[in-house]
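So in the UniProt record's numbering, spot 113 of the sequence shown is number 113, and the numbers just go up one at a time.
These are calculated hints, taken from the structure and not from any lab test. Where hints are given, some of them may not hold.
[What the hints assert, rightly or not] In silico DSBU-like cross-links for lysine-lysine, where the CA-CA straight-line distance does not exceed 30 Å:
| no. | residue 1 | residue 2 |
| --- | --- | --- |
| 1 | Lys-290 | Lys-229 |
| 2 | Lys-5 | Lys-32 |
| 3 | Lys-5 | Lys-296 |
[As the list claims (entries may be wrong)] Computed Cβ-Cβ distance ranges for the label pairs, DEER-style:
| no. | residue 1 | residue 2 | range |
| --- | --- | --- | --- |
| 4 | Leu-328 | Asp-120 | 26 to 34 Å |
| 5 | Glu-316 | Lys-296 | 52 to 60 Å |
| 6 | Ser-322 | Phe-182 | 18 to 26 Å |
All residues carry an ideal CB built from backbone N, CA and C; glycine is no exception.
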Amino acid sequence: MLNHKSILITGGTGSFGKKFTEMILREYPEVKRIVIYSRDELKQFELKQKWPQSEYPQLRFFIGDIRDKERLTRACEGIDVIIHAAAIKQVDTAEYNPTECIRTNVDGAENVIHAALACDVSRIVALSTDKACAPINLYGSTKLTSDKLFTAANNIKGSRDIKFSVVRYGNVMGSRGSVIPFFINKREEGILPITHPEMTRFNISLEDGVRMVFFAIENALGGEIFVPKIPSYKILDIAKAVAPNCETKVVGIRPGEKLHEEMITETDALNTIELGKYYAILPSVSFTYKNEDYIKHHNATPVEFGFRYNSGTNTEWETVESLREKILEYVDPNFKVLEETH
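All chains should be built: construct the whole structure from the sequences, respecting the hints.
This is the structure in structure tokens:
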């Protein structure tokens, strides 16, 4: 699928970009070129130490910002596939710096689209978030806008052989700023801060997130928002899995935060199909394909009327034991549970 292809990853020095690059190098040894595009010079330097060019000549490192349309277009020359992972992601950062968030997450997304059209890129997959579903904060709102831009881009492609799609998923285990490494670092203090004892979240590993992008590259017809079928966890189960000996202290839900996350609302479900391991939300406006075309292409079935996909009403759940196993596998191979006190 990706052998002999040139790939560009925006925000390529982030958690996703590093895992994506690692898996491409491992599974597609004949990939032509991987362009890691980001504005972080230090992280690019660190990746160059991990993957020296003498051993990985297919790697290219471009310093650039997705806000810079000219630089981005230059980086996209000769590219076959774009993975758009760059974004301002911290909810509180976005609330305090709204214009900066809009310029990166919305204007930057539009720049990616126009660069792809100008350079005859064939496949574009944009990363989204569960916070883009029925958003209540600016970050989620900008990502929903970005999702709409990418799905609508299929209507302006003209005669180009190009497909834009989106993948949307929940909390990524072990990613920067996520709850598991935060709790691991906090447990030595003996108290874990809990936002709300009833809080739930969807859970996915970085590897499964990358596999989902692979699926979108290979299978998208154009315009879909792909959503994985993944388990939920309770925040208190994370605390028990990481540090059963620690006390918990309820500190309250932060501004712009939900008690439960959604990935598909009842309204989205009217245009949602089920295809094996994933759901796909179809574009509400498409001048290229009808819903029947997507159903036939994916060999899918529409979800039931009234369906919704919510972390609090999910049918699949992580347990304390499964969380510990996944922490060892995906977050920290040296992880050990501190002894419980009685």
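We went through each hint and held it up to the structure:
no.	hint	in the structure
1	Lys-290 <-> Lys-229	24 Å, holds
2	Lys-5 <-> Lys-32	5 Å, holds
3	Lys-5 <-> Lys-296	28 Å, holds
4	Leu-328 <-> Asp-120: 26 to 34 Å	44 Å, violated
5	Glu-316 <-> Lys-296: 52 to 60 Å	28 Å, violated
6	Ser-322 <-> Phe-182: 18 to 26 Å	20 Å, holds
Checked against the numbered hints listed earlier, the structure breaks hints 4 and 5; every other hint is satisfied.
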